[in-house]
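**Student:** With the hints as constraints, model all of the structure from the sequences given.
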Amino acid sequence: MFVNCPFDPEYRSLFQALVFAIHDCGFEARCALEAEDSGEIRMRKIKRIIRECGYGIHDISRVELDPVNGLPRFNMPLELGLFLGAQEYGSGPQTLKRSLILDTEPYRYQKFCSDIAGQDIRAHGDQPSRVIAAVRAMLSTALDGRARLPGDAKIRSRYARFRGELPSICRRIHLRPSELQFVEFRFLLRDWLTTHPL
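Whatever position you read off the sequence shown (first residue = 1), add 93 for our numbering.
These are calculated hints, taken from the structure and not from any lab test.
Source: prediction; values computed, not measured.
Possibly wrong hints are sitting among the right ones.
[Claimed, not checked] Capping the alpha-carbon separation at 25 Å, the derived lysine to aspartate or glutamate pairs in DMTMM-like fashion look like this:
1. K247 x E121
2. K190 x D213
3. K140 x E181
4. K140 x E129
5. K138 x E127
6. K190 x E121
7. K140 x D130
8. K190 x D159
9. K247 x D284
10. K138 x E272
11. K138 x D101
12. K140 x D213
13. K140 x E127
14. K140 x E277
15. K247 x E277
16. K190 x E258
17. K138 x E198
18. K140 x D101
19. K247 x D237
20. K138 x E121
21. K190 x E127
22. K190 x D245
[To be verified] Derived Cβ-Cβ restraints for the label pairs, each shown as a range:
23. S233 x A253: 19 to 25 Å
24. K138 x A253: 29 to 35 Å
25. A253 x F100: 33 to 39 Å
26. L126 x H289: 20 to 26 Å
27. H267 x T288: 16 to 22 Å
28. G163 x A240: 44 to 50 Å
29. A246 x K140: 34 to 40 Å
30. P160 x D237: 40 to 46 Å
31. S261 x L126: 32 to 38 Å
32. S250 x G163: 38 to 44 Å
33. E181 x G257: 15 to 21 Å
Glycine residues also receive a C-beta, built at the ideal position from the N, C-alpha and C atoms.
**Tutor:** Right, here's the structure in full:
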């Protein structure tokens, strides 16, 4: 599942909740942070991941003006456009892509990205619990009842337990939770889910 979201420290709690929900529902989170290869052009990496993923989660909540340079952040809307373009103009499995679009507030996106009006965009209010609920609802709908997913409350409970255990897990590998790179977080999450099955 392609994850298109901000990677700044302020978004970290939402990002980790999103990644946890994806994995707890039996999917694999993928994003541009999965490979730190300076030899690979970032846009090429993003397009490759989009091509390889049938599902995408796009959080467009961080398009405000940057306080340092006064410019908006358009990476997330751009990557959303690439994903929707692959679905619209691709062939075979590309046409079956499914998307979840997230924003902070309902209808706020219409002020800066009106071309996606009519899309079913979910507001999370910067709350990890609402991100988890949105991810679970999207996957449940996309799977059309073919798989039994844990409910929101169960995923939230498991996420709280994982978050509680994460500092001690990190101590064993001589890291602080704040130092975890995406691939390390994903590895530790996979390992935790293996030892804590549903």
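**Student:** None of the hints should be skipped; say for each whether it holds.
**Tutor:** Quick rundown of the hints versus the structure:
1. The straight-line distance between the Cα atoms of K247 and E121 is roughly 19 Å, inside the 25 Å bound, and the hint therefore holds.
2. Using a Cα cut-off of 25 Å, the hinted pair K190 and D213 holds, with the two alpha carbons roughly 15 Å apart.
3. Taking the CA atoms of K140 and E181, the gap is near 15 Å; set against the 25 Å cutoff, the hint holds.
4. With a C-alpha separation of about 15 Å, the suggested pair K140 and E129 falls inside the 25 Å cut-off, and the hint holds.
5. Simply put, K138 and E127 have alpha-carbon atoms about 10 Å apart, close enough for the 25 Å limit, and the pair holds.
6. A distance of roughly 15 Å separates the Cα atoms of K190 and E121; the hinted pair therefore holds under the 25 Å criterion.
7. Restraint check for K140 and D130: the C-alpha separation of about 15 Å stays at or below 25 Å, so the hint holds.
8. Annotation: proposed proximity of K190 to D159 is violated, straight-line Cα distance about 31 Å (limit 25 Å).
9. Using a Cα cut-off of 25 Å, the hinted pair K247 and D284 holds, with the two alpha carbons roughly 19 Å apart.
10. This hinted pair checks out: K138 and E272 have alpha carbons roughly 23 Å apart, not beyond 25 Å.
11. Proximity of K138 to D101 is assessed by CA-CA distance (about 19 Å); at most 25 Å being required, the pair is judged to hold.
12. A distance of roughly 24 Å separates the Cα atoms of K140 and D213; the hinted pair therefore holds under the 25 Å criterion.
13. As the CA atoms of K140 and E127 are separated by approximately 13 Å, the hinted pair is consistent with the 25 Å bound.
14. For the suggested pair K140 and E277, the alpha carbons sit about 23 Å apart, so the restraint of at most 25 Å is met.
15. Only pairs whose Cα atoms come within 25 Å are accepted, and K247 paired with E277 is accepted, the gap being roughly 24 Å.
16. Distance restraint check for K190 and E258: the Cα-Cα separation of roughly 35 Å exceeds the 25 Å cut-off, and the hinted pair is therefore not satisfied.
17. A hinted pair counts as satisfied when its Cα atoms are at most 25 Å apart, and K138 with E198 does not qualify at roughly 30 Å.
18. Simply put, K140 and D101 have alpha-carbon atoms about 21 Å apart, close enough for the 25 Å limit, and the pair holds.
19. Among the hinted pairs, K247 with D237 is consistent with the structure: their alpha-carbon atoms are about 20 Å apart, no more than 25 Å.
20. The hinted pair formed by K138 and E121 meets the criterion: a straight-line CA distance of about 17 Å does not exceed 25 Å.
21. For a cut-off of 25 Å, the pair hint linking K190 to E127 stands: about 21 Å separates their Cα positions.
22. Annotation: proposed proximity of K190 to D245 holds, straight-line Cα distance about 23 Å (limit 25 Å).
23. Range check, S233 to A253: Cβ separation about 21 Å, and the 19 to 25 Å hint holds.
24. Between K138 and A253 the CB atoms are about 33 Å apart, so this pair conforms to the stated range of 29 to 35 Å.
25. In this structure the supplied range 33 to 39 Å is violated for A253 paired with F100, their Cβ-Cβ distance being about 23 Å.
26. Range check, L126 to H289: about 24 Å between beta-carbon atoms, so the 20 to 26 Å window is met.
27. For the pair H267 and T288, the supplied restraint of 16 to 22 Å holds, since their beta-carbon distance comes to about 20 Å.
28. Taking the beta carbon of each, G163 and A240 are about 46 Å apart, inside 44 to 50 Å as hinted.
29. Between A246 and K140 the beta carbon distance is about 37 Å. The supplied range of 34 to 40 Å therefore holds.
30. Hint check: P160 to D237, Cβ distance near 44 Å, so the stated range 40 to 46 Å holds.
31. Between S261 and L126 the CB atoms are about 24 Å apart, so this pair departs from the stated range of 32 to 38 Å.
32. Between S250 and G163 the C-beta distance comes to about 42 Å, which sits within the given range of 38 to 44 Å.
33. As the Cβ distance of E181 to G257 is approximately 43 Å, the hint placing it in 15 to 21 Å is violated.
The structure is inconsistent with the numbered hints 8, 16, 17, 25, 31 and 33, although it conforms to all the rest.
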